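Below, each chain spelled out in residue letters.
2 protein chains.
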Amino acid sequence: MTSGRFLHHSEGAAHTIFPGVTLRAAAGEHLMLSYVTLEPNAVVEAHSHPHEQAGMVVSGSARFIAGEEERVLKPGDLYIIPGGVTHKVIALDEGCVALDVFHPVREDYL
Amino acid sequence: MTSGRFLHHSEGAAHTIFPGVTLRAAAGEHLMLSYVTLEPNAVVEAHSHPHEQAGMVVSGSARFIAGEEERVLKPGDLYIIPGGVTHKVIALDEGCVALDVFHPVREDYL
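Those sequence lines, one after another, are chains H and Z. Take the first sequence: its letter number 9 is residue 11 in the working numbering, and every next letter is one higher. Take the second sequence: its letter number 5 is residue 7 in the working numbering, and every next letter is one higher.
A hint or two may mislead.
[Stated by the list, open to error] Covered by chain H, per the in silico footprint, the following chain Z stretches (three or more residues, Cβ under 8 Å):
{"hint": "1", "region": "4 to 15"}
{"hint": "2", "region": "31 to 38"}
{"hint": "3", "region": "43 to 50"}
{"hint": "4", "region": "70 to 80"}
{"hint": "5", "region": "83 to 89"}
{"hint": "6", "region": "99 to 105"}
No lab work stands behind these hints, which were simulated from the structure alone. From a predicted model like this one, the values you see are computed outputs, not experimental measurements. The beta carbon of each residue, even a glycine, is placed where N, CA and C say it ideally should be.
Could you build the full structure based on these sequences and the hints that come with them?
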């Protein structure tokens, strides 16, 4: 490709991955962005995938558990989760919005 | 690694890459997050790199030019810039904060 691509997160491919957990995903060649919205107290159940995952909490807050690390993350907090590490996310009472990034692209979110 | 890593963006490695353009970077194995702050009217001059770059505007606004595409991006807008594509960013009057992501990791931002 010889050019960049711009879009609003609402234009991404929509998926509901757990009750109260929706995302909008957009992919490049090696990177995928996923704008994730968790309703209050929604849970991303413990899971793992070979893809490396990183991101930032945009609004609200959630308890992130990744391997042996656990922390409540708030806006501006970053997370880096190696491929294969089991992780779980539990939104607190206000819900949570985060921008996730994956490498390689998650084909299941296209 | 068997665990995740959590940090506030202010804990990342600090770099000033152009006048009025500062970033804080944190890397995983294949992904790098870079929290970039552009002061009002600051400019990321046209440049390119082999790394694929993507991200989202967090606050403020800026004119993004990537190859033949050009658009003013605001909070919640995403960008995906293939490796090798020349790009430039010009913050508007309110300045701009964006979360950049790179693959592979930019060794110059560690």
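Provide an ascending list of the numbers of those earlier hints which the structure does not satisfy. 3
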